[in-house]
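Engineer: Based on these hints, arrange chain B on the given structure of chain A.
Just so you know, the sequences run in chain order A and B. End of the first sequence = 242 in the working numbering, gap-free, step of one. End of the second sequence = 115 in the working numbering, gap-free, step of one.
Calculated from the structure, these hints are not laboratory results. One thing to keep in mind: the hints can contain errors.
Computed footprint of chain B on chain A, listed as stretches where at least three residues anywhere in the stretch have a Cβ under 8 Å from a Cβ of chain B [as the list claims (entries may be wrong)]:
no. : stretch
1   : 53–66
2   : 74–82
3   : 146–155
4   : 167–175
Quick reminder that beta carbons are idealized off the backbone N, C-alpha and C, glycines included.
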Amino acid sequence: MTDEHHSHKHPLQTDHPEPSSHHELMGIALNDLLVSKGIYDNAEMNAMIESIENIEPNTHGARVVARAWVDPEYKAFLLKDGMSAVESLGLDPGYAVLTAVENTPEVHNLVVCTLCSCYPRFLLGRPPVWYKSKAYRSRVVREPRAVLREFGTEIPTGVEVRVHDSTAELRYIVIPMRPAETEGMSESELASLVSRDSMIGTALAGRP
Amino acid sequence: MSDKPQPIGPHDVGGMPGGDIDRASHDYTFWERRMDAMVYLLFKKGMVRDWAEMRHQIESLGPDAYERLSYYERWAAATAALMIRRGVVSREELDRRVAELKESAG
Chain A
35 MTDEHHSHKH PLQTDHPEPS SHHELMGIAL NDLLVSKGIY DNAEMNAMIE SIENIEPNTH
95 GARVVARAWV DPEYKAFLLK DGMSAVESLG LDPGYAVLTA VENTPEVHNL VVCTLCSCYP
155 RFLLGRPPVW YKSKAYRSRV VREPRAVLRE FGTEIPTGVE VRVHDSTAEL RYIVIPMRPA
215 ETEGMSESEL ASLVSRDSMI GTALAGRP
Chain B
10 MSDKPQPIGP HDVGGMPGGD IDRASHDYTF WERRMDAMVY LLFKKGMVRD WAEMRHQIES
70 LGPDAYERLS YYERWAAATA ALMIRRGVVS REELDRRVAE LKESAG
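Isolated chain A (complex conformation) (with noise of 0.2 Å):
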């Protein structure tokens, strides 16, 4: 992280490889205008890079999920109003629609962006690399069993796989099953047992 004056002199960072490309410098252009021109300052930016950082799923998506888990009638509002259920448990539900999709017996759920890499960042933070790629994008709307396969996830052919495509005001999170033997936890416990992936369908959540 660096302070005002000493991004201004060294806009070029030596503790990654240096920016290089024209893109990259565009981008570093960009940003020296918009502090030049009063549009935020060195510490706004540092301050939200934090605060994205600060996002992870298990502190964010995990307690929604936990919190669903244990409460029906939560459980009930988070499907009905994603946003406002997510607020109600003081945090910041972010700038897009929040649609929570609940993987139940009959019915496994799974989320994708193929038109580009849309993800309930204010949940679950940066997407992972491979959300983002072309290989995930194109195929798991045509054989997102074979995908979730190599996820190391067997969803019984019994059970119906259903596909979200999320668009740029419309994201989903996936309630993935409460496993078993789970009755005497608690709720932070719970939250544990949470992954990443099983909030975005390519995994089931954890055994206690």
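Structural biologist: For chain B alone, coordinates are given in the frame of chain A:
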């Protein structure tokens, strides 16, 4: 006969043949983290209105840029184009600053 309408652009890959999914993750560089945060800051400031606008700008980069550029390079190009269109920065001052950076990186 195709079971899907023709793709609307290079980004429209749903249902296309695709190779193996590389599940390796990598650390984000400072440049990527800052590019990422820039877009969210511009959202916060109301200078990027919504994701539809951002996405439209990325999709307008053209097939060549879409294939050639990295993920955050696309964001850089799209955000720059949007800020120019909005009159926040000019093409000339941006080019000038890029030239300066190239020179100092020498």
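Engineer: Decide, hint by hint, whether the structure agrees.
Structural biologist: Against the structure, the hints come out as follows:
no.: 1; hint: 53–66; verdict: holds (count 14)
no.: 2; hint: 74–82; verdict: holds (count 4)
no.: 3; hint: 146–155; verdict: holds (count 6)
no.: 4; hint: 167–175; verdict: holds (count 8)
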